[in-house]
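Novice: Chain by chain, the residues:
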Amino acid sequence: GNSVTQMEGPVTLSEEAFLTINCTYTATGYPSLFWYVQYPGEGLQLLLKATKADDKGSNKGFEATYRKETTSFHLEKGSVQVSDSAVYFCALAKAAGNKLTFGGGTRVLVKP
Amino acid sequence: ETGVTQSPTHLIKTRGQQVTLRCSSQSGHNTVSWYQQALGQGPQFIFQYYREEENGRGNFPPRFSGLQFPNYSSELNVNALELDDSALYLCASSLVGLAGVYNEQFFGPGTRLTVL
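First to last, the sequence lines map onto chains A and L.
For the first sequence, my numbering begins at 1 and goes up steadily by one.
For the second sequence, my numbering begins at 113 and goes up steadily by one.
Just so you know, the hints here were simulated from the structure itself, not pulled from any lab data.
Don't take each hint at face value.
[To be verified] Reference excerpt, derived from the structure (chain A facing chain L, CB under 7 Å, subset only):
(1) L44
(2) L46
(3) G105
[Said to hold, decoys possible] Simulated DEER-style distance windows between Cβ atoms:
(4) A:D54 x L:N215: 20 to 28 Å
(5) L:L228 x A:T12: 28 to 36 Å
(6) L:S177 x A:F18: 43 to 51 Å
(7) A:S79 x L:G152: 23 to 31 Å
(8) L:S185 x A:P40: 21 to 29 Å
[As the list claims (entries may be wrong)] Output of the computed footprint for chain A on chain L, the stretches with three or more beta carbons under 8 Å from beta carbons of chain A:
(9) 128-137
(10) 155-166
Where a beta carbon is used, it is the ideal one built from N, C-alpha and C, also for glycine.
When you get a sec, could you build the whole thing from the sequences and use the hints?
Specialist: Right, dumping it as structure tokens:
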């Protein structure tokens, strides 16, 4: 079956530091890949997505590239802010509105 | 445009009881999915409803059941509650077009269920 593995947190950073969260997946076929963010007390928000190999998703300074050869979709941001403190989830689906399979989440804490 | 809403926000039940959670889809959406998010874990897919029919189910027992109404709102029912059912229950809506093309899922804020 499909599965997503992401690095465990918490990840603690200082403001303006570089952030990387690793995500690898196992799936049949060619799934779409997503990063969702969950701010304290809120639901999930789609951060970015990629639907085919070598696609790069980007939003709010975050980027992730769909790497089929390494089955990875690592999330990066060059300069984090305190407001980026949240839990980040990597996920996959056969299509955007279909069943999502999530990783366990990575908590990120950015300190001033 | 109204987003996905869920009610209630919080709920406390005792073991063996039954619970109903509600979700209103985003305007124009015809598909609703439900997820269970245990504390410190990623969401797990429960099931999806499309045009009032179940359209896929995750690895959850039959005591988890659902409904979708003609206005595309939805209910999640859980019978014979167990302690492990304590979790955040998330609803997500999306639009599936005539050609079966799926689009982005939009999540509600969730209902926090505590089973004592």
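Novice: The structure should be examined with respect to each hint, and the outcome stated for every one.
Specialist: Hints, one by one, checked against the model:
Because the beta carbon of A:L44 sits about 4 Å from the nearest beta carbon in chain L, less than 7 Å, this interface hint is met. Look at A:L46: its Cβ gets to within about 6 Å of chain L, closer than 7 Å, so that hint holds up. Hint status for A:G105 relative to chain L: holds, with the closest Cβ pair at about 5 Å, below 7 Å. For the pair A:D54 and L:N215, the beta carbons lie near 22 Å from each other, so the given range of 20 to 28 Å is met.
The hinted window of 28 to 36 Å between L:L228 and A:T12 holds, with their beta carbons roughly 34 Å apart. Under the hint 43 to 51 Å, the C-beta atoms of L:S177 and A:F18, about 46 Å apart, fit the expected range. Judged by the Cβ atoms, the range 23 to 31 Å given for A:S79 and L:G152 holds: they are separated by roughly 28 Å. Between L:S185 and A:P40 the CB atoms are about 27 Å apart, so this pair conforms to the stated range of 21 to 29 Å.
Counting residues of the stretch 128-137 of chain L whose beta-carbon sits less than 8 Å from any beta-carbon of chain A gives 0, not enough to reach three: the coverage restraint is violated. Counting residues of the stretch 155-166 of chain L whose C-beta lies closer than 8 Å to any C-beta of chain A gives 4; at least three are required, and the coverage claim holds.
When each numbered hint is compared with the structure, a violation occurs for hint 9 only.
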